[in-house]
Amino acid sequence: MMTAVTMSPSRFAKAPRTNLIAGVAITSLLVAIAVVSNFWTPASPSKMNILSKLKAPLASGLAGTDAFGRDIFSMLMLGASNSLSIALTAVFFGMVAGVALGTIAAAMRGLVEEVIMRIADVIFAFPALISAIMVAALIGPGRLTAIISIALFAVPVFVRVSRGAALRIRSLDYCLAAKVSGKNRFRITTDHVLPNIAGAVLVQATTQVGLAMIVEAGLGFLGLSVPPPAPSWGRMLSEAQTYLTQAPWMAIAPGLAILIAVLGLNLLGDGLRDLFDPRSGSDA
Amino acid sequence: MTLKVDISSIRLNAWRQPTRTLVKPVSFELAQGGTLGVVGESGSGKSLISLAMLGLLPSRIKAEGRVLLDGENLLEMTERELQRVRGAKIGMIFQEPMSALNPSMRIGDQIIEGILRHQTMSYTAARERALQLLERVGIPDARNRLDAFPHEMSGGQRQRVGIAIAIAPGPKVLIADEPTTALDVTVQAEVLKLLGELVAEMGMSLLMISHDLGVIASICERCLVLNRGEFVEEGLTPAVLLEPAQEYTKRLIAAQPRLEETLNTPAQPTTKKNGSPYQALLEVAALEREYTDRHGRVVMKAVDGISFRQEAGTIHGIVGESGCGKSTLARIVMGLDKPTSGDVMFEGEDIFSVRPRELLRLRRQFQMIFQDPQGSLDPRQTISQIVAEPLYLDPDAPRGRDRARLVSETLQSVGLRSEDAQRYPHEFSGGQRQRIAIARAVIGRPKLIVADEPVSALDLSVQAQVLRLIMDLRDRLGVSFLFISHSLAVIETISDQVGVMYRGKFVETGAAKDVFHRPQHEYTRKLLAAEPRIDQGLRYGIRPKLLSA
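Quick mapping for you: the protein sequence lines, in order, are chains A and B.
Counting with the numbering used here, you get residues 15 to 298 for the letters of the first sequence.
Counting with the numbering used here, you get residues 10 to 558 for the letters of the second sequence.
Treat the hints with caution; some may be incorrect.
Unchecked claim - Stretch by stretch, here's where chain A covers chain B in the computed footprint (C-beta under 8 Å, at least three residues): (1) 206 to 220; (2) 380 to 389.
To be verified - Derived pair list, reagent style BS3-like, types lysine-lysine, alpha-carbon separation capped at 30 Å: (3) B:K33 x A:K193; (4) A:K193 x B:K347; (5) B:K259 x B:K310; (6) B:K259 x B:K347; (7) A:K197 x B:K522; (8) B:K535 x B:K514; (9) A:K193 x B:K310; (10) B:K202 x B:K456; (11) B:K514 x A:K193; (12) B:K181 x A:K197; (13) B:K310 x B:K98.
Claimed, not checked - Across the chosen pairs, the derived CB separations fall in these ranges: (14) B:S113 x A:I153: 49 to 55 Å; (15) B:V308 x A:R123: 49 to 55 Å; (16) A:S42 x B:Y433: 47 to 53 Å; (17) B:Q374 x A:L289: 39 to 45 Å; (18) B:E252 x A:L289: 21 to 27 Å; (19) B:Q374 x A:R123: 25 to 31 Å; (20) A:R123 x B:H435: 25 to 31 Å; (21) A:I153 x B:E105: 25 to 31 Å; (22) A:A39 x B:A263: 55 to 61 Å; (23) A:V50 x B:R89: 55 to 61 Å; (24) B:R260 x A:R182: 36 to 42 Å; (25) B:N111 x A:Y257: 55 to 61 Å; (26) A:R123 x B:A263: 57 to 63 Å; (27) B:K535 x A:T204: 55 to 61 Å.
Everything labelled a hint here was simulated from the structure, so no lab data went into it.
The structure presented is a predicted model; accordingly, all values stated were derived computationally and were not measured.
Here a beta-carbon is modelled for each residue, glycine too, at the ideal position from N, C-alpha and C.
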């Protein structure tokens with residue numbers, strides 16, 4: 015008598031990459047909207063029309079109008095562009111600086127590493143908002159202030175991630191083989207460490223862009239990001255406060271936009287991690 | 010008690026892939042008090058069978074057939090029923106005692122956990138029982154060690170604790186999956202002795218899984234040979250190992266590094282004596298390496314006064330157990346670590362007193378091969394990039410098309426194909442990866458290659474091929490090897506000269522034949538006696554019984 019037996023409770027078969035697919039879909043939609051908004055929006059996002067102020071969604075435009083009669087959906091579109099461009103630029107510079115410092119720390123060890131890591135700790139202890147207020151005090155609020163403070167906030171994250179990953183790679187025999195072949199610390203970093211930590215760094219960067227968009231919204235809320243009339247998701251939220259009972263869509267629309275954008279980027283980050291890490295998602 | 014295993018297949022169902030059969034029909038029986046060895050190389054399915062018997066296969070792998078323990082089919086049991094069998098009726102010992110024990114739980118509690126799970130008794134009684142077990146498995150000062158954590162014990166002691174946990178509920182069958190593979194030979198001998206005693210004392214049956222034919226020969230009455238999931242042969246161990254009927258078993262046995270007759274013909278030293286004073290290729294003199302703590306106190310002497318000289322064109326073997334300092338010695342010879350005192354002379358030049366630029370030039374003359382073929386190749390580089398890496402230092406190295414030709418010639422010389430140059434490391438097996446690492450080591454035509462346990466991670470048959478390749482490279486290219494290994498058999502097979510290392514010192518040096526055939530030092534004799542060999546027959550208190558059906 016032969017019997018087919020499942021030896022342990024059958025769990026899901028290896029899931030197709032749902033995270034990755036959803037993340038790519040949401041994020042590309044976000045990017046597409048941001049790009050299109052620079053050429054076309056349903057209505058001008060800065061044109062006021064007091065006659066049609068505080069119109070509910072679909073009564074005027076897709077997402078209604080605000081207290082000045084501006085089309086909220088158009089503002090959201092251009093806001094996506096502002097938010098995303100600030101987040102991407104800031105994370106890019108934060109990543110370059112952070113990975114450089116992290117890999118240097120891992121390559122040099124000793125005092126250099128100690129100094130880099132302690133400085134990273136200090137920066138890490140400052141919330142992005144505090145550093146934004148300090149930067150704003152120096153150069154005034156605006157796009158540059160937002161980029162600098164968000165980048166500064168991202169640096170220690172990348173320092174830690176890249177140093178940890180680099181140390182692990184450096185302990186492997188192929189780095190020793192490179193050393194035996196006469197390569198110096200710098201060459202080992204460029205030839206062996208960077209290509210092998212790229213995955214981990216990219217995953218972190220994706221999640222970091224999501225975080226950066228939240229911080230950017232916070233800065234916009236306080237009026238420290240792009241100045242009016244350029245639309246910003248954060249400022250839209252802050253303007254909506256006064257009309258919360260009369261026109262809740264003014265708050266709901268940018269809130270949903272932030273939620274969906276960050277969700278998409280986090281899903282993309284998770285999906286990329288599954289893709290790069292061969293250990294997760296397979297047990298054969 | 011009887012255990013009848015009749016597995017018709019073990020299959021893997023992967024997402025969107027055709028079902029793969031990992032194990033084809035295999036059946037065997039294990040009588041009360043019997044010992045059976047399951048032998049095979051990696052991928053033979055030997056571990057899958059033991060996991061299937063306990064219902065521990067991963068969710069996508071399914072076993073079909075019957076595993077009858079006293080008439081009950083374990084493969085048809087529910088998870089709840091299996092939990093009553095696991096531990097209580099069938100105990101298991103794992104390969105890696107460090108990861109099999111919970112690092113944050115006291116060892117006493119880990120033993121008690123199993124006792125209380127299967128027997129009703131008070132905690133105090135269970136603790137008393139745990140103490141008896143620890144004493145039985147030979148942990149000294151057991152009463153105090155009951156509250157120790159796994160990291161406070163040595164590898165051998167941890168494996169003894171693993172055994173205590175396995176036998177605590179009094180199982181009738183003990184499955185041991187490579188229980189001594191992670192241990193040194195002398196410790197291995199002690200653990201095997203303990204297993205043998207326990208089997209005799211408790212009347213347990215033992216199912217031993219191992220790649221090491223010597224271990225199987227010393228402790229198993231019967232043995233079963235598997236190859237790529239297929240049953241090859243089964244029978245009384247001496248019959249199978251000494252007069253194998255099947256071709257595969259014969260090949261497996263031939264691949265064993267021999268202790269008795271070595272295949273190696275001693276090399277003729279090629280050191281030239283052209284007028285100049287006689288010079289060895291490598292001369293190590295009074296080398297010491299101390300490790301100190303923060304206050305400058307000497308904590309450990311990893312290398313303690315090592316001296317030897319190696320002639321060009323020879324293989325110098327260094328053998329010793331873990332922690333004897335052989336890897337530290339290798340690192341110092343490579344110039345990767347600095348000695349506390351002593352000299353390393355390479356062709357008469359002291360590598361620690363030359364200027365850094367000179368050291369770079371000298372570096373071109375020596376290369377290294379590592380133990381783990383997984384970690385020694387950069388997964389993001391092509392084979393051609395990996396193999397050509399040592400040419401980086403050489404200003405005269407060929408470039409462009411000439412370099413590509415050199416890479417492909419080198420790949421061919423280690424038994425790979427030139428097309429392999431464009432592929433990535435993950436596309437190769439362990440043995441092939443080690444060949445790639447060897448190609449990288451020889452491409453710059455170094456004079457000395459330091460090989461630190463280069464065959465320890467490989468299967469027997471692959472190991473034999475790699476050893477043959479190393480001897481062949483010595484003869485063809487005149488490369489010298491400083492070959493480090495824990496395996497006496499490997500060292501004897503390959504070395505011209507040997508040094509036996511113990512606690513940072515050489516206890517015995519000389520020509521390989523002399524050292525292994527007429528060992529002078531007691532430690533060498535102890536090592537040789539502990540080495541499991543297939544021609545030795547049953548040891549460790551296992552008495553052959555006639556298998557009654």
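Hint by hint, here is what the structure shows:
| no. | hint | verdict |
| --- | --- | --- |
| 1 | 206 to 220 | violated (count 0) |
| 2 | 380 to 389 | holds (count 8) |
| 3 | B:K33 x A:K193 | 46 Å, violated |
| 4 | A:K193 x B:K347 | 15 Å, holds |
| 5 | B:K259 x B:K310 | 44 Å, violated |
| 6 | B:K259 x B:K347 | 46 Å, violated |
| 7 | A:K197 x B:K522 | 39 Å, violated |
| 8 | B:K535 x B:K514 | 16 Å, holds |
| 9 | A:K193 x B:K310 | 25 Å, holds |
| 10 | B:K202 x B:K456 | 44 Å, violated |
| 11 | B:K514 x A:K193 | 28 Å, holds |
| 12 | B:K181 x A:K197 | 58 Å, violated |
| 13 | B:K310 x B:K98 | 47 Å, violated |
| 14 | B:S113 x A:I153: 49 to 55 Å | 51 Å, holds |
| 15 | B:V308 x A:R123: 49 to 55 Å | 20 Å, violated |
| 16 | A:S42 x B:Y433: 47 to 53 Å | 29 Å, violated |
| 17 | B:Q374 x A:L289: 39 to 45 Å | 43 Å, holds |
| 18 | B:E252 x A:L289: 21 to 27 Å | 53 Å, violated |
| 19 | B:Q374 x A:R123: 25 to 31 Å | 28 Å, holds |
| 20 | A:R123 x B:H435: 25 to 31 Å | 30 Å, holds |
| 21 | A:I153 x B:E105: 25 to 31 Å | 58 Å, violated |
| 22 | A:A39 x B:A263: 55 to 61 Å | 58 Å, holds |
| 23 | A:V50 x B:R89: 55 to 61 Å | 59 Å, holds |
| 24 | B:R260 x A:R182: 36 to 42 Å | 39 Å, holds |
| 25 | B:N111 x A:Y257: 55 to 61 Å | 58 Å, holds |
| 26 | A:R123 x B:A263: 57 to 63 Å | 48 Å, violated |
| 27 | B:K535 x A:T204: 55 to 61 Å | 49 Å, violated |
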